[in-house]
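From just these sequences and the hints, can you work out the full model?
So the sequences go chain by chain: A and B.
Residue numbering for the first sequence is 0 to 160, as defined by numbering that gives the first Met the number 0.
Residue numbering for the second sequence is 0 to 753, as defined by numbering that gives the first Met the number 0.
If you are wondering where the hints come from, they were derived from the structure by calculation, not from laboratory data.
Here the structure is a predicted model, which is why all the values come from computation and not from measurement.
Glycine included, C-beta positions come from ideal geometry on N, C-alpha and C.
There could be a bad hint or two in this list.
Just the calculated beta-carbon pair ranges, DEER-fashion [as the list claims (entries may be wrong)]:
(1) B/Asp23 / A/Glu68: 41 to 51 Å
(2) B/Val92 / A/Asn44: 34 to 44 Å
(3) A/Gln126 / B/Thr316: 49 to 59 Å
(4) A/Pro21 / B/Leu688: 27 to 37 Å
(5) A/Cys154 / B/Ile667: 43 to 53 Å
(6) B/Asp224 / A/Gln126: 34 to 44 Å
(7) A/Glu68 / B/Met66: 20 to 30 Å
(8) A/Ile4 / B/Tyr519: 47 to 57 Å
(9) A/Asn44 / B/Gln587: 32 to 42 Å
(10) A/Pro21 / B/Ile667: 51 to 61 Å
Think about it this way: if two alpha-carbon atoms lie no more than 25 Å apart in a straight line, the pair counts; the simulated DSS-like pairs of lysine-lysine are [claimed, not checked]:
(11) A/Lys3 / B/Lys131
(12) B/Lys420 / B/Lys410
(13) B/Lys107 / B/Lys151
(14) B/Lys151 / B/Lys168
(15) A/Lys2 / B/Lys131
Here chain B is said to cover these stretches of chain A; the calculated rule only asks that three of the stretch's residues, wherever they fall, bring their Cβ under 8 Å from a Cβ of chain B [stated by the list, open to error]:
(16) 10-18
(17) 30-44
(18) 63-72
(19) 129-142
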Amino acid sequence: MSKKIHVHTRINGEEVEFLCEPRQSLLEVLRDELGLTGAKEGCNNGNCGACNVVLDDRLVNSCLVLAVEVEGHEVTTVEGVASSKGLHPIQQKFLEHAALQCGVCTPGFIVAAKALLDRNPKPTEHQVRHWLAGNLCRCTGYDKIVRAVLDASACGSPGQK
Amino acid sequence: MSAETRTGGYQVVGTRPIRHDALDKVTGRALYGADVHLPGTVYGKVARSPHAHAIIRSIDTREAEAMPGVLAVITAKDLPSLTDKLAQLGESVVNLRDLSANVLAPKKVLYHGHPVAAVCAVSTHVAEEAVKRIQVDYEVLPAVLDVLEAMKEGSPLLHQDLKTHSMGKTAEKPSNVASHFQWKLGDVEKGFAKAEVVVERSFRTATVHQGYIEPHNTTARWNPDGSVTIWCSTQGPFAIRSQLSEVLKLPVSKIKVIPMEIGGGFGAKFPLYVHPLAAVLAKKVGRPVKMTLSRVEELLATGPAPGSYLWAKMGATRDGRLVAAQAKLVYEAGAYPGSAVGAGGLCIFSPYHIENTLIDGYDVVVNKARSSAYRAPGATNAAFASETLIDEICEKLKMDPIEFRLKNAAKEGDPRADGPKHPKIGCRETMEAARNHPHYRSALGGKFRGRGVASGFWINGGGQSSAVANVMSDGTVSLIEGSPDIGGTRTTAAMQIAEVLGLRAEEVNPMVVDTDTIGYTDGTGGSRTTFATGLAAIEAGRDILCQMKERAAKLFELPVEDVEHADGEFRNRKDPKKTLTFKAIAEQMGQTGGPIVGRATVQPGGVGPAFATHVVDVEVDPDTGKVTILRYTAVQDAGKAIHPSYVEGQMQGGVVQGIGWALNEEFIYDEQGRMLNSSFLDYRMPTALDLPMIDTVIVEVPNPGHPYGVRGVGEVPIVPPPAALANAIYHAIGVRIPDLPMSPRRILEALGKA
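Laid out in structure tokens, this is it:
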């Protein structure tokens, strides 16, 4: 077994230090070492988006990021989307629109949709579909997800990051 | 939202509350199987065959075992040997020897990805490395992947002892044809003689995968008392328990299955895969063992839904009446017998009243992973054939495809081809609603554009369910059930008991518990949960009401006959002004006789079958072969939609899986039977960008077999899409494509451009 590396980063606004092997992905460390199991492993190949997190300002598949790469950077996971004041509008709209069934892709969609609205607060339906094309959902047919994101954008995102 | 939202005099049923588990699911707190982390957990991985068909000469595990961090390696000899025995498990009948051989191959591997050994190590990475160091000496055999090839004399045989069961007889010689059935209604020869238009065609459908986003997973802990605890994602915790009981030769009372949140299943999360391996490894190493499949493993060795060859022939009179229909259905079982061909046979002509039908079905083993259920298993393949032929008849008769279907629509009392008569059904009503929908009445102009229609049938399931409901002293109720919640069924059960008790949906707290904590409950499949577990919740609610009336009688100091429950209140019949609320009685439980717990077990008859009619508009790009879906409308009879949003969601999700099946999805193999596209990059499921909004119309023809009229809704929406799309593509380009998927390559071939 290879020697572990010390990593210092910020996750959901808090300073975090961890030890990891060079081959461990960010997803693996979030889930197995740090107990942040909101990001899900659907494919471990960057195809499904269930493990989406935001790295600084970039939406990434955490299965394709090595954990050592987050040294000195800032990670936001689904656990960091809601604040102590309550749910993010996207989360609220997912509830209201019944935009989930099994729910396993939901954390990825929430993180991805927030990243979209942070960049483009008033996307068109096509822009929402294009942005979310990296997130697979097998239950909903996407209809209610797209409606939830459009509705959240119409309500105006509070711009919380 | 396009669906009608009548509440029909109900307070809760038919409304759209936020579902109970949704908050945990949008915040990432919900715990799925892979989120289980017990102290001391170690990790298992599976070594799999690189060949589609081979004899295992020997397995050398020494090098793997010697690796630092490797704790144990097992092969088939570490599992109890099982005899040839059939058992009813989950949605299907399973041969236990096959079940065990599929979990770990004992002598022969029958498909690319077939497990041959399992490793347990301190980390997944070490386990993965150890898997690569297991040396298996294979004698490679020729593989057979195609059902028609597999049926031929002289084809490579998967099982030397498999002999065809056909209509009560067993053949003498071994064959890849596991079984054949034939269903006859009337006289199909005479029927075709009367027909003035007869069409026939052969069809092929590719092997496809259920494609749930969460891979199979299991954490097993072998306890010091010899019992085993399993945490996993499954549609059927009791089915996993009974399969494990057989494969591990342990009594069911020694196995506790804890169903975690489940990330999709669509029928493929009933079978046993790594569960017994994790259990045996846990016993060996004395620590909890966690095993999670990779996506590659998922695509190689779980699911899939059977590919098929179909031939069908249908005849109608000139005035548009179907008089005869015949079909031959040949389905891939995969490595072991048990495809969904029977269900395909009973669905293929069931939306119609046809006096003369003849259906032959063949279950054929091939060198692919053992097939498993996929949403209305078997019906989608079958409807692709029949609903395409109906479109051809309509074209020849110059009749509107919905008017033609309406003219032939099945109604209550009509016999199905397999014997039983239809109960009260909403077949005609879905067709009428589709015909009257603005989509169908709209004009569709433009080159390379076409509209397609198809209908579908699914039988739906009943099964057994249990429910326990505890009244809390604050007037709320906790509802304990055994049906894993795969798409909102906690809430639909909670809404049904809330309706009985006069509570709000939010005043019921539903929870899915383990196999020790609730009575036997069949799995979440067969579109049965809102119907049957919902019924158990209703009955548990009625049990509470009986007890509460007794408490109210005590408080009123009256005989119980003088207490009635109406509008959520308990009333003194003698003095209607004297009332007690549910909450008031709940608060006084401790003074009136102690806790109030409702319980119910059900095994309902009265299952209401489901019908759907879909309309789709497409545009085909003649240069690339790409099909763009311009508009899609799905109409379905839900009996009564308990939570319309989740009925719509089932419809939309089923449609989109059907679209993927129709246009893109297929397992691709090389000539040796090795799968070439075992990733989500290459096994192309629909994304948000591939689709428009999916319009839904919920028709409600109440099922008399349920107090609120519920019919199962989950499965039938996947049935019509491939045929509807095939018909739309034909009307767009003038060529019929009888093979799924209708990929760009096939479209270009059809246009003579490939």
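Take a look at whether the Cβ-Cβ distance between A/Cys154 and B/Ile667 falls inside 43 to 53 Å.
holds (44 Å)
Regarding the pair A/Lys3 and B/Lys131, is the alpha-carbon distance no greater than 25 Å?
holds (23 Å)
Does 41 to 51 Å hold as the CB distance between B/Asp23 and A/Glu68, or does it fail?
violated (30 Å)
Please verify the coverage claim for the region 63-72 of chain A: does it have three or more residues whose C-beta sits within 8 Å of some C-beta in chain B?
violated (count 0)
Sort out whether B/Lys131 lies within 25 Å of A/Lys2, counting only the CA atoms.
Status holds; Cα separation ~22 Å.
Taking 32 to 42 Å as the stated bounds, is the beta-carbon spacing between A/Asn44 and B/Gln587 within them?
violated (59 Å)
Between A/Pro21 and B/Leu688, does the C-beta distance stay in 27 to 37 Å?
holds (35 Å)
Given the hint of 20 to 30 Å, check if A/Glu68 and B/Met66 actually sit that far apart at their C-beta atoms.
With Cβ atoms ~28 Å apart, the hint holds.
Starting from the range 34 to 44 Å, see whether the pair B/Asp224 and A/Gln126 falls in it by beta-carbon distance.
58 Å Cβ-Cβ, so the 34 to 44 Å window is violated.
Regarding A/Ile4 and B/Tyr519, is the given constraint of 47 to 57 Å on their beta-carbon distance met?
holds (50 Å)
Between A/Pro21 and B/Ile667, does the C-beta distance stay in 51 to 61 Å?
violated (34 Å)
Satisfaction of hint between B/Lys151 and B/Lys107, Cα-Cα up to 25 Å:
holds (21 Å)
Checked against the numbered hints given earlier, the structure breaks hints 1, 6, 9, 10, 16 and 18 and satisfies all the rest.
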